[in-house]
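S.K.: Sequence:
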Amino acid sequence: MAGKVSAPGGGGGRRGSHEVTADPNVIPFIDVMLVLLIIFMIAAPISSVDIEVDMPISRIEPSKRPPRPTWISVTEGPSGVEVYVMNFPCGRPGAPNPCSPRPVSMNELGQLTYEAVRENDARIANDDFEIKDTRIYIRADAGLEYRNVVRVMNRLQDRGFTKIGFVAEDRRM
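The sequence shown begins at 35 in the working numbering and counts up by one.
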């Protein structure tokens, strides 16, 4: 609450005026609060408590990482449709450098996919049912005719793979 008290007569001179201002000066208060805020922001992460705790040993094995996915890339090449079987997506983090897989024919697509899945996960290497139950990801060029993608899917299904997923590029970034 702010207010002024002035002498009767209302003159503006210094002599004889009894002027009292009740305005609080908050600028130094704000400065002090900002300095305290900065100090607490810096000091808060530093003050951590390190307590030695003797944790019990677990008898349960930790869960294993899922195997790398198997990728089927389908592109339109100079000699027609080219299909690649990979345990990694080319051009992505983790892909070997240089990344130059060879195209495979439609006749060997099923067998090479089967072998790629076996290489990915040693736990299921001898279990035919588990190998065929693994998810296969298809990456197809945007301009590729849909019938070529269906041919790839049919070859995989002929080999027994039923979990087939499609990978699309997120262009919102």
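Derived from the structure by calculation, the hints contain no laboratory data. Be careful, since some hints might not be right.
[Said to hold, decoys possible] With a cut-off of at most 27 Å between alpha-carbon atoms, the simulated BS3-like pairs for lysine-lysine come out as follows:
| # | residue 1 | residue 2 |
| --- | --- | --- |
| 1 | Lys166 | Lys197 |
| 2 | Lys98 | Lys197 |
| 3 | Lys98 | Lys166 |
[To be verified] The following label-pair restraints were derived from C-beta to C-beta distances:
| # | residue 1 | residue 2 | range |
| --- | --- | --- | --- |
| 4 | Leu70 | Arg93 | 44 to 52 Å |
| 5 | Phe163 | Asp88 | 52 to 60 Å |
| 6 | Arg136 | Tyr171 | 46 to 54 Å |
Ideal Cβ positions, reconstructed from N, Cα and C, are used throughout, including at glycine.
S.K.: All hints are to be evaluated individually against the structure, with a verdict given for each.
M.R.: Evaluation of the provided hints:
1. Lys166 <-> Lys197: Distance of about 8 Å is within 27 Å: holds.
2. Lys98 <-> Lys197: holds, 21 Å
3. Lys98 <-> Lys166: holds, 20 Å
4. Leu70 <-> Arg93: 44 to 52 Å: holds, 50 Å
5. Phe163 <-> Asp88: 52 to 60 Å: violated, 44 Å
6. Arg136 <-> Tyr171: 46 to 54 Å: violated, 19 Å
Hint compliance for this structure: hints 5, 6 are not met, and every other hint is.
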